[in-house]
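Spelled out from the first residue to the last, the chains are:
There are 4 protein chains.
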Amino acid sequence: MIQQFKPITGALFSVSVNLILQTEDTMADRKQVIIDTDCGIDDAQAVMMALAAPNIDVLALTCVFGNAAVDHVCQNVLMVLDVCQRQGIPVFRGSSGPLVGAINPVSDHFGTDGLGDVIKDKDPRWEEKIQSEHAVNAMIRLVNENQKQISLVALGPLTNLALAVRLDPSFPQKLKDLFIMGGNMEGKGNLTLCAEFNFAMDPESAYIVLEEFLCTTYIASWEYACRNSLTWEFFEELINQDAPAAAFMKTITSKCRAYSKDAMKNKRDVYFGPGYVSYDAYAMAACIDPDVVLQSIECPVRVELQGALCRGMMALDRTNQLKKSHSVTVLTKCDVRKFSRLLLQSLRQPKK
Amino acid sequence: MIQQFKPITGALFSVSVNLILQTEDTMADRKQVIIDTDCGIDDAQAVMMALAAPNIDVLALTCVFGNAAVDHVCQNVLMVLDVCQRQGIPVFRGSSGPLVGAINPVSDHFGTDGLGDVIKDKDPRWEEKIQSEHAVNAMIRLVNENQKQISLVALGPLTNLALAVRLDPSFPQKLKDLFIMGGNMEGKGNLTLCAEFNFAMDPESAYIVLEEFLCTTYIASWEYACRNSLTWEFFEELINQDAPAAAFMKTITSKCRAYSKDAMKNKRDVYFGPGYVSYDAYAMAACIDPDVVLQSIECPVRVELQGALCRGMMALDRTNQLKKSHSVTVLTKCDVRKFSRLLLQSLRQPKK
Amino acid sequence: MIQQFKPITGALFSVSVNLILQTEDTMADRKQVIIDTDCGIDDAQAVMMALAAPNIDVLALTCVFGNAAVDHVCQNVLMVLDVCQRQGIPVFRGSSGPLVGAINPVSDHFGTDGLGDVIKDKDPRWEEKIQSEHAVNAMIRLVNENQKQISLVALGPLTNLALAVRLDPSFPQKLKDLFIMGGNMEGKGNLTLCAEFNFAMDPESAYIVLEEFLCTTYIASWEYACRNSLTWEFFEELINQDAPAAAFMKTITSKCRAYSKDAMKNKRDVYFGPGYVSYDAYAMAACIDPDVVLQSIECPVRVELQGALCRGMMALDRTNQLKKSHSVTVLTKCDVRKFSRLLLQSLRQPKK
Amino acid sequence: MIQQFKPITGALFSVSVNLILQTEDTMADRKQVIIDTDCGIDDAQAVMMALAAPNIDVLALTCVFGNAAVDHVCQNVLMVLDVCQRQGIPVFRGSSGPLVGAINPVSDHFGTDGLGDVIKDKDPRWEEKIQSEHAVNAMIRLVNENQKQISLVALGPLTNLALAVRLDPSFPQKLKDLFIMGGNMEGKGNLTLCAEFNFAMDPESAYIVLEEFLCTTYIASWEYACRNSLTWEFFEELINQDAPAAAFMKTITSKCRAYSKDAMKNKRDVYFGPGYVSYDAYAMAACIDPDVVLQSIECPVRVELQGALCRGMMALDRTNQLKKSHSVTVLTKCDVRKFSRLLLQSLRQPKK
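Protein chains in written order, with numbering that gives the first Met the number 0: chain C, 0 to 351; chain Z, 0 to 351; chain H, 0 to 351; chain W, 0 to 351.
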């Protein structure tokens, strides 16, 4: 295992070089980021990746239902900020359910609380730490104050984003760019037969975002994550690092069914073989370092809104049959070495 | 004219009594109202009815796309307030399109500007008179400041209301009551084959409001309006009254196809016979004076979201097949004499 | 009650006159009929009405699933023919389920066997009495042998008819005319919230028939039947006549929930008030005697195929919004006296 | 021929061995086949492959609309039989359109007549050569006469098969097995964005067949064909063989846009790169020689019936989320050498 990862974490010299270059890059390419999240375990990982990245300023964390109820999501985000000692970043509560239709709670993926149901001593006064402004209004305000400066990274159902464009139709064009974890590109679903979790939880919002957010958009689909999975050996190395963030991740994944390495007949393993897949981190990594993406497809996409099997499925329109004027970047191949390095760094927090 | 209305306004004595009672009623039954409107000609009529009613305090007018683009709607509302010399009432701009899907502009009903395309000297500085707060946020703020006090009268597509419950899930329960012009009860549509204009323009929002607004709700459907139509003779009397409001109404209906009395093969005439139908005024009248409603059905309702013919259609569930816990009041029979009187009063503005 | 019906069954003299006239009519207006039926109790009534009518030659009875499984339907038809001593009419087995999708058996309406679950001594050798030719092929053959001569009366789901036009696209134009019991005209349903039983049981077939059967078509909708209901007193008179057919009807309605006069909160009573409604008989009566229909609407119609509430609903397109070239006759007002007389006659079989 | 095959089958010796084995196989594994076809160019190729196969007895060819109107399809099938001098095989006309909804003619794929619009001297008396029995009835009869003996190879929309199970619910269980060219497995469509031509032309029939044909079923999807394409060099070799069948194929592909090797931005090339793909031949080859299939997936499948993008799409249910009891064999990897050999043999007809 150690040998395996030598090339990634590298010798001291190469790391130094890398850090120097990264610092220079950071100057030129500093990014202001809002993270919209339904903070489950893999969101926590992705948020930590952003917090650890020297070139990223996290302006706000906006919460949305998804992996858990929005109140759990708020608490989870506060916990992650605590672990990383970054309590100064404001957290906003957003949508508690999908744009249309009833909430369909999902509790077996990352547990009821979204973080594996293992944390006992939760902060009873967490609500005081949540901003009073609604997440959607906060998004709109921040993006208006920092036009063309903000990268929005969306890790959950896209409800908050859909509401933002409804309240401010010019919201998308005032973004710098948008990174989405969600959707699919081969008709394979993980929640329903053909739809990915984040899109299936609110198909209308996914549809709206992909039709109306005409900004530069990157999509890390379910299949992208699965086809660029890491090994379970790497996962062990990752969570066994000596730092509070790694310890936190080890705790919350300790009883989580989704992080069981046993041969479950889950869809991911059936379709793509075994492996460790930290979904949201793929979108976050693309935002932090564009070089993490080795290949992608530029094309229009659309979300199917109807159907017993395909509601919420994303389709790529590579021959422009739909006559859409806007294309997005659908990620296909990841530099797993760079990605692994970002993961490893993310759990070495807080910086001493 | 006088003869014609004798039976309605009655002998001198009874009128006096009536006025006295009304004044007393007003004290006891004063209502705070927010009017959400896609201000076309019949909305203008309904707004004037509210402005003329002694027991109604209009707290705000919130605008929504529908009969015209939302910017036209804003201008139309300002014009109505000007005519009635009630410029102090704040006007808020709201949604410019439906919750899901593209705007499908309708321009032949009340003209492109929603008021018959006859007004030439429009205020070039109208935008300065619109509040900067978004209509949805204004609604939420006002309802939170006056909990259980506000009657919301919705005269257009229900997009603003749907967004309000998304941003504040407790919004509906903080309303006093809700009056909606929209939907249908016999499967007869006016925009599409089976759906009424306001619901067909945004079926998802209509669905959300009827599922999630668990407050006391009154629905004046298309068939209710059509089955309680007035005569074209009454219309002539109405608009020929000697007052600025009547003159304004006479102007905006002068070239409007919807107010042509010629035998057009429109659906209304085919289904219900000829007559003058001021749709939105039926919902407003029910808010101003409950006695205008002679009969109604209490039952759950639901909006169909799919289908080539029925998308946007409202269905009454009189045997509770859907197992919904919430019923609404679907109006069926109107006291047309009382209703006529409210109409006549509404165009005698401003009060001298 | 007797007084009430005196004018219908009349004095001896008027009956004689009537019979004489009817005999003359019969010569001029003799009709060849195929009855397609899902033989439940009201189908049995309608079939007996055809058998009793002096101007009707029943060429064949074709069976379809609906009120009961198709095998029950076949047995029921054979029983009705037995009761009326008309065993010579060939009976064909047809579709056992809808055109698309799974069979959704309905057993509480007329019982599991479709005839009230009261008949014990069923014929164990009934299958031998069913023709070996499939109902759909028999229909096609008979209509080709008697082009423009046959009236098709459809009393169940329209599956057999849809299959007939698929196997022989010219089938509809070779019919004389088509009478359908099914669909609705006010958006009120009896099986689902907005759809009538026969159409809801196979919406695709109803759609196909109403789009592709361009022959003269009469539709007796659910609301037509309900709005022209008879009294429960008449029902008592009807089944208490002294004849085998009346006795049979009395037996099969004896325990049937659908013929309970108790105030059930069924949709029919909620919408239309109490009354005896023999649905299928309304379509049959229109075929036997056009004068039974007092009013009708000529317009195109279409069946909604999608939706949670409206799938299977029929919509009238009275302003030709759908640009269809073909109109049907939607019955609206029935001569209940003539209709009552046909019912009474139908249960006085077999003729002595 | 020997030279020609050197690169594919290798040295002379191995060819001989192979031929001997094949002859022996033929004895043991003789197959009775009905081919249901919408005979376009690739169907013609597949039919010829069956006619050339020594182990295949073609009992009947049943025609269905698809690549062309069903009358063109009938003529095309007769032409293919003529070219191969196999006029004794009966040809039946079947469905002229989809099970539900209007025919949506497609004429630019293989031309209006389905065979490239290049054949001028068509047989004016072709209709006399078509059997009078309907294709669906013929299928049912033949399968009843040869229970568990017949392989059904379906190369077009599945309308005839769906009608067969409607008229005879036990039809599927009396088949030996079923080979289908159609559907997809990666959400990539060729007719619509996400649906393959044969399934998209009649989604309801595809749905019915995949739900109700519980016999052994093999599916050669669009992606299977595309991922196992041959080179355009092979295509040249194929059609330039010295035999009437090859000459016929050369003629009908001479002006066909679908056989242009120019870099068109068609979906196939965009998704899978350039290559010659004779779709229907992949299903036929799997029937003729099971060894042509190197890999496949056993799982339940279902067709999506709704949606703007996905109607007609086939989805694989590899984790049995739909709880279906029946699995099919979805082909994934083809032995292209064996497949090429079958293609080459198919155009060396008639045998001298």
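Check before you lean on any hint, since a few could be wrong.
Any copy will do: because identical chains look the same in the list, a pair fits if it lies in one copy or spans two.
Below are the DSSO-like pairs computed for lysine-lysine, each with C-alpha atoms no more than 27 Å apart in a straight line [to be verified]:
{"hint": "1", "residue 1": "K323", "residue 2": "K266"}
{"hint": "2", "residue 1": "K266", "residue 2": "K332"}
{"hint": "3", "residue 1": "K350", "residue 2": "K173"}
{"hint": "4", "residue 1": "K322", "residue 2": "K266"}
{"hint": "5", "residue 1": "K119", "residue 2": "K322"}
{"hint": "6", "residue 1": "K254", "residue 2": "K175"}
{"hint": "7", "residue 1": "K322", "residue 2": "K121"}
Hints are computed from structural coordinates only; laboratory data are not their basis.
Structure-based check of each hint:
1. K323 x K266: between (32 Å within a copy, 16 Å between copies)
2. K266 x K332: both (20 Å within a copy, 21 Å between copies)
3. K350 x K173: neither (33 Å within a copy, 47 Å between copies)
4. K322 x K266: So K322 and K266 pass the 27 Å test across copies only (15 Å; inside, 33 Å).
5. K119 x K322: neither (52 Å within a copy, 37 Å between copies)
6. K254 x K175: Neither: 39 Å inside a chain and 48 Å across chains, both beyond 27 Å.
7. K322 x K121: Result: close neither inside a copy nor across copies, 51 Å intra and 38 Å inter.
When held up to the earlier numbered hints, the structure conflicts with 3, 5, 6 and 7 and fits the remainder.
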